[in-house]
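Following the hints, put chains B, X and S in place on chain W, whose structure we already have.
Residue numbers (this note's numbering), protein chains in the order written: chain W, 3 to 343; chain B, 3 to 343; chain X, 3 to 343; chain S, 3 to 343.
Be aware that a few hints might be false.
Repeated chains share a single entry, so a pair holds when one copy, or any two copies, can fit it.
[To be verified] No more than 27 Å apart at the CA atoms, straight line, and that leaves these computed lysine-lysine pairs for DSSO-like: (1) K49 - K267; (2) K304 - K118; (3) K96 - K83; (4) K50 - K269; (5) K269 - K229; (6) K307 - K231; (7) K269 - K57; (8) K167 - K307; (9) K63 - K40; (10) K191 - K49; (11) K118 - K63; (12) K49 - K276; (13) K50 - K40; (14) K57 - K90; (15) K115 - K257; (16) K57 - K307; (17) K67 - K96; (18) K167 - K304; (19) K63 - K83; (20) K257 - K304.
Hints were generated in silico from the structure; no laboratory data involved.
The structure displayed is predicted, hence computed values, not measured ones.
Number of protein chains: 4
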Amino acid sequence: MIKVGIFGASGYAGRELTKILNRHSQVDISFITSESHKDIKFSDLYKKFKGDIDKILISSKEAEKYLSSVDCLFLSLPHGKGFEILKKSLDLGKKVIDLSGNFRLDDKDDYEKWYKFIHPYPNLLNEKIYGLCEINNSAIMRSSLISNPGCYPTSIILGLFPLIKYYYDDIDLNSIIIDSKSGVSGAGKSPNSKNIFCEAGENITPYGIGSHRHLPEIIQELSKANKNKIDNVTFVPHLVPYQRGILSTIYIKCKVDSVSEIINKYKEFYSNSKLVKIVDEPVQVKWAANSNKCFINISFDKNSKTIVITSAIDNLLKGAAGQAVQNFNLMYGFDESCSLI
Amino acid sequence: MIKVGIFGASGYAGRELTKILNRHSQVDISFITSESHKDIKFSDLYKKFKGDIDKILISSKEAEKYLSSVDCLFLSLPHGKGFEILKKSLDLGKKVIDLSGNFRLDDKDDYEKWYKFIHPYPNLLNEKIYGLCEINNSAIMRSSLISNPGCYPTSIILGLFPLIKYYYDDIDLNSIIIDSKSGVSGAGKSPNSKNIFCEAGENITPYGIGSHRHLPEIIQELSKANKNKIDNVTFVPHLVPYQRGILSTIYIKCKVDSVSEIINKYKEFYSNSKLVKIVDEPVQVKWAANSNKCFINISFDKNSKTIVITSAIDNLLKGAAGQAVQNFNLMYGFDESCSLI
Amino acid sequence: MIKVGIFGASGYAGRELTKILNRHSQVDISFITSESHKDIKFSDLYKKFKGDIDKILISSKEAEKYLSSVDCLFLSLPHGKGFEILKKSLDLGKKVIDLSGNFRLDDKDDYEKWYKFIHPYPNLLNEKIYGLCEINNSAIMRSSLISNPGCYPTSIILGLFPLIKYYYDDIDLNSIIIDSKSGVSGAGKSPNSKNIFCEAGENITPYGIGSHRHLPEIIQELSKANKNKIDNVTFVPHLVPYQRGILSTIYIKCKVDSVSEIINKYKEFYSNSKLVKIVDEPVQVKWAANSNKCFINISFDKNSKTIVITSAIDNLLKGAAGQAVQNFNLMYGFDESCSLI
Amino acid sequence: MIKVGIFGASGYAGRELTKILNRHSQVDISFITSESHKDIKFSDLYKKFKGDIDKILISSKEAEKYLSSVDCLFLSLPHGKGFEILKKSLDLGKKVIDLSGNFRLDDKDDYEKWYKFIHPYPNLLNEKIYGLCEINNSAIMRSSLISNPGCYPTSIILGLFPLIKYYYDDIDLNSIIIDSKSGVSGAGKSPNSKNIFCEAGENITPYGIGSHRHLPEIIQELSKANKNKIDNVTFVPHLVPYQRGILSTIYIKCKVDSVSEIINKYKEFYSNSKLVKIVDEPVQVKWAANSNKCFINISFDKNSKTIVITSAIDNLLKGAAGQAVQNFNLMYGFDESCSLI
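Isolated chain W, as found in the complex (with noise of 0.2 Å):
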């Protein structure tokens, strides 16, 4: 059994990650901590798991004093925080898996831009493995930390890495358009303004044109699937009525007249990857939601000549907590889908 901490069970991803991680037969979990939940049980917060899950959360203080007695760390704190945490559990000799956007970009000057924040272990920042499972399923494997991508980039990189890795140069790498949709999940717990039932609720709104920090998040790893550096890429998230799920559909223009090879091509390269679907029709959000997998179908637009992707992935899982226990899973010579079906 491999013991696991986990730090911030209390936000959404953090309950997700608590109760896949509880029902995972290889896991012992240690300790879950919470700031602003501490010292109640996790089922008192989640009624849901009563009697299921009724371990009690601690604080990161107080969770630190059983650092040495664990074997992986999982961190689902806010961006900017949890670094201290991290470094010491490195230094310990632990594994860790952190959720949050603190080390998703390579460059550590890209912080201070998109997350408002100076890195203080840029060292780290070469050492870490981006956890896109399918994508760099070797690296992960050989790991000690893992920093764990953000939903929408899950939801698109999936979507398009194949395509620009072995057509790059039948499409216009400076004409990809992505319009996403998140459920109102991805705004979190906290109340605020936006993710009110009344304000949310019978709405749809874009945000973030231009300036959402997953956009360097996307071009960063695009840019890696082949020589091509991807310029730029034009991304709108919008802000949808449902709980659970990113739909992100997808717009590159190309010289191609059919993607009926580009379709098999997918289909091979994800051949061994049981939680990525390659399906017939543009994808719904609610096959994904509730489950890690991410569904994905590429269509044609014959008229204007443009390849139309649709992905979908659920936000908390497939896009934050399934796929750090994917990674966990790789990191430990399981069954890449252990617990995640």
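Using the frame of chain W, we list chains B, X and S on its own:
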């Protein structure tokens, strides 16, 4: 008082039409029809209106008897229906506003391809005026046959027309990508596997990629904005879990470095239009829902040199019944927004 | 034209009040206030009204300057606030309509128990008229201080009053069970852990069993229906995932064998009330939502000898702003439903 | 491994049944049937399960061929259907769990009144065990024919049984009022005018007052709690705009002054039941949704001497498929909650 008749008052657009015309100070509703709900009160079908609109729904057949005594006919019937009524009304010298797609396309041959019927009155296609009020204002005033625009096209053409008209040299006309999101009332009132609560709720569904019948309508009307024909447009509609409203997110590659001048041009272009609002931030569907207004924002993604226009309407009002009454107001010399604010 | 001022125009009820009064043919809005959103346009807070209601929200302090020049004040402030403004207005001879709970209870001692404040103007409690228009019609016409009813009480009292008034001998007055369901706008506009989308959506929550502050208001007013005091009522409100509306399902044990005579009595009782509709089937909240009407149905469960009354209103309209304007109409001799249909 | 067959796998309950049994460690699904969707993969009907449940749906007729090779049959067919299959299966010595209402009522004459059919196998009505697991635990273990309870009755009987069993002298048995709220999945998967998004959404609808077919089932089973027959119960179901779950709010007049002892009795009564949770505050449907648990709270309104029990389940799980598998587990000696937590 203008005497009007409404064919097809039991669908969602017909319901809104009846509601608006009932409160219109210059209108007297002579009859309302419904085949599926004939011989019951409008307020028995829509309880909300009990005591306010207790008029009885009659069959089309019966309504024909009263045709000669009305001034203006509204046809809110399914595509492909109502041609005989329309012809008869015109022959009797009545004005007609057709809310269906029956006259939206200029070329008779397009009906077979997009609407699956052979157009019975191709000559009328030249006579009809496309009733997008803010664009075709003066022609509408003189017309007897208005083809009321589709819901998606209304949001899109209002959002793009000034850009194409004045800045066609600065934008890449072949780069237009339109990602539209419609509420479920757009899927109609007849129960089907797509519009039931447990399928449409907690979900988002892209559909009709490159094949939606509003596509040729969009291309046709945008091509009239200037001398350059638009050859293609990528249009992907999505079904979103709210009841009313359309948000269109529109992407155009451009050569400009700023959109501030463009924004001013939009404000100028729509300065006399009470129902179009140019706003400073990306638009939300809830602003437009339950109103007859169109909200438009023009944003700019500098890095990718992409103009991002967001445009929102209520699909049943500005996208259907509201615009029909706006057309009526123009035809009869009333204030454009009479009964609509 | 009657000149009015609105204190507290930025909450949901204040928004509706501003909207209704703005379109009222006999009203001129002198000022609207908001502490949290002062010095911005109403239409910047609620974009929907851009171009229609661009009046600037001012602070209460500033509004006091204009007090002497208006005829009637609407107070849509939180419970326990606004007493000084109200007193000053009355002293200046103005009419006041208070939408808060500050004057709803007749007994000053009840405020400490239910509202947690000591009432500063107990003498005014006798002066005020409880503004349930269909019941206290004539008193309202002569009053200068109206206490606008709570949302739950409006739906409940309108549903029960005729029964208790005319059939108190036939029903068990101690058996009244009221199961009410309110939309999330009833939980206010301030974000909190109960009204966020991911908690309120896909959920239903009973709360305040036996402790809701609308309970004494309900008992107090029902007791006025006849000589028999109502000693108790079981009232359980629920938060339901829709935006607007209250449905109250009311159960009363009775001795009768049929409710047909009772139904006729209800129709007679409300025969002059344009905004109350007695209907033939259990009522749905959507009939009343976005309207100022109250829909009531009286059903009978023969087997258990139980009358089941369902009553629906829009909590923000007939349950707040709409009724406030209805009171205003009565006070000034306008048609009761002016600007409300 | 127990070999099972599922008749009616394409409806919502059938879908859940297939999902649960597919992951059950002791089960091998031999076949799944659907008349309306035969000859396609389960994962083509429900895309979510692509790669996980790709078994092909076959017709009932074809499934009959495999009847002799399975151990246990699940029937998730419409009321009034499947009697022949069931009889044949029993004759072959198979165990049968019927999710329809076909065997829930004990008295054959009640079927005509409530289900509109003449029961073809009245003798089996005595043989069947009513599969409310927490109540009829030991009888279920010995049975070959389980009638799986209705969704509303499950939430209600679990909520009331201990009270009636142990406190019948302290409560007024003729005062029971049950106000139930069901999610829209309870209205089935066939599109109709009640379950479409624009009718069910932003709405709440009471229906079937005194006439719902779950009423006789509730009265019948509650009457078994002690020697006193329950003569009547007032039951009013409501359709509420969320997908999954039932909340029953139950009111009973009583002589007690406190419910603390009663609460302890409930905890004792359910002490061995992993799937029933007695909690300290009124229950929310979201706790039970997507789980196989029943959450129950017992509150007391002192002033009106009324016990208020709130009980929540997932209508498709504990109210249908989950309970069916719980019955299966009991019948085969597995842990009651196997595959259900």
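To see whether the hints hold, each was checked on the structure:
1. K49 - K267: For K49 and K267, only the inter-copy Cα distance (21 Å) is at most 27 Å; the intra-copy one is 45 Å.
2. K304 - K118: between (43 Å within a copy, 20 Å between copies)
3. K96 - K83: within (18 Å within a copy, 56 Å between copies)
4. K50 - K269: between (38 Å within a copy, 17 Å between copies)
5. K269 - K229: within (23 Å within a copy, 44 Å between copies)
6. K307 - K231: So K307 and K231 pass the 27 Å test inside a copy (23 Å) and across (17 Å) alike.
7. K269 - K57: between (42 Å within a copy, 21 Å between copies)
8. K167 - K307: both (19 Å within a copy, 24 Å between copies)
9. K63 - K40: Result: close within a single copy only, 11 Å intra versus 42 Å inter.
10. K191 - K49: both (16 Å within a copy, 26 Å between copies)
11. K118 - K63: For K118 and K63, only the intra-copy Cα distance (25 Å) is at most 27 Å; the inter-copy one is 39 Å.
12. K49 - K276: between (32 Å within a copy, 15 Å between copies)
13. K50 - K40: This pair counts as within: shortest intra-copy Cα distance 18 Å, inter-copy 36 Å.
14. K57 - K90: Answer is within; shortest intra-copy Cα gap is 24 Å, inter-copy 49 Å.
15. K115 - K257: between (36 Å within a copy, 26 Å between copies)
16. K57 - K307: Answer is neither; intra-copy 55 Å and inter-copy 37 Å both fail.
17. K67 - K96: within (14 Å within a copy, 57 Å between copies)
18. K167 - K304: both (22 Å within a copy, 26 Å between copies)
19. K63 - K83: Classified as within: same-chain Cα gap 13 Å, cross-chain 42 Å, threshold 27 Å.
20. K257 - K304: both (10 Å within a copy, 26 Å between copies)
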